[in-house]
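Engineer: Now for the letters of each chain:
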Amino acid sequence: RKEVEQDPGPFNVPEGATVAFNCTYSNSASQSFFWYRQDCRKEPKLLMSVYSSGNEDGRFTAQLNRASQYISLLIRDSKLSDSATYLCVVTVNSGYALNFGKGTSLLVTP
Amino acid sequence: DVKVTQSSRYLVKRTGEKVFLECVQDMDHENMFWYRQDPGLGLRLIYFSYDVKMKEKGDIPEGYSVSREKKERFSLILESASTNQTSMYLCASSNPGPTGEQYFGPGTRLTVT
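Quick note, the sequences are listed as chains C and G, same order. Reminder that position 68 of the first sequence reads as 68 in the numbering used here, one-by-one numbering, no gaps. Reminder that position 66 of the second sequence reads as 66 in the numbering used here, one-by-one numbering, no gaps.
None of these hints come from the bench; they were simulated from the model. Note that beta-carbon positions come from the ideal geometry of N, C-alpha and C, so glycine has one too. Possibly wrong hints are sitting among the right ones.
[Stated by the list, open to error] Derived coverage of chain G by chain C (criterion: at least 3 residues anywhere in the stretch with Cβ under 8 Å from a Cβ of chain C; other residues may be distant): (1) 14 to 27; (2) 64 to 72.
[Claimed, not checked] Below 30 Å or equal to it, Euclidean Cα-Cα: the simulated DSS-like pairs (lysine-lysine) are: (3) G:Lys70 - G:Lys57; (4) G:Lys18 - G:Lys55; (5) G:Lys18 - C:Lys79; (6) C:Lys45 - G:Lys3; (7) C:Lys42 - G:Lys70; (8) C:Lys45 - G:Lys53; (9) C:Lys45 - G:Lys55; (10) G:Lys70 - C:Lys79; (11) C:Lys45 - G:Lys71; (12) C:Lys45 - G:Lys13; (13) C:Lys45 - G:Lys57; (14) C:Lys79 - G:Lys57; (15) G:Lys57 - C:Lys42; (16) G:Lys13 - C:Lys42; (17) G:Lys70 - C:Lys45; (18) G:Lys55 - C:Lys79; (19) G:Lys13 - G:Lys57; (20) G:Lys53 - C:Lys79.
[Claimed, not checked] To give a feel for the contact side, a few chain C residues facing chain G, derived at Cβ under 8 Å: (21) Pro14; (22) Ala20; (23) Cys40; (24) Glu43; (25) Leu98; (26) Gly101; (27) Lys102; (28) Gly103; (29) Leu107.
Please model the entire structure based on the sequences and the hints provided.
Structural biologist: Shown next, in the form of structure tokens:
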């Protein structure tokens, strides 16, 4: 079983829509959680960390449910520039190595 | 700004050749990583290093080796390239600890013919 699972999409949404991505992880010892963003033919970049209390950065809200081993990312008021692949990422143990989900593809259309 | 550079953006090699992929970071990070990314399989960790001359196997180390002689440089070596090693190779670096963000290089698209 893959450690980090995401719906691959693609999610096609109109500009201004709200879209939510989900992710589940299998290792209950996981310590840290992130969402990375990867644009087409570019390298992944950190979008935001995910905390148990939930956190928000502008139009982006991330939530963590440790009991259900579930992570979510909510994007409000989608922009064309939000089109990308969103990677759910989990660390275990010392946090040296990241476990990446396969990514969820988002396309925001005019 | 953190910068991670990789020696080539595109590389074409023949089966059986020895291939070196170089990665350099300028932020004095202790950890460095090599991943490969394939459609439908996502990012998979090949090797990582948490200190000079130290290395740890990742999920798919077979057919690869690494070298870290200096803190800023981490090399991935394909001893005898095979067609199933055609992939995008991404290098990353970070500081230690569970909150350490990983910074990625632009990637090397390797084609083995």
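Engineer: I'd like to know which numbered hints this structure contradicts. Please list them from smallest to largest.
Structural biologist: Result: hints 1, 2, 5, 10, 14, 18, 20, 21, 22, 23 and 29 break, sorted rising.
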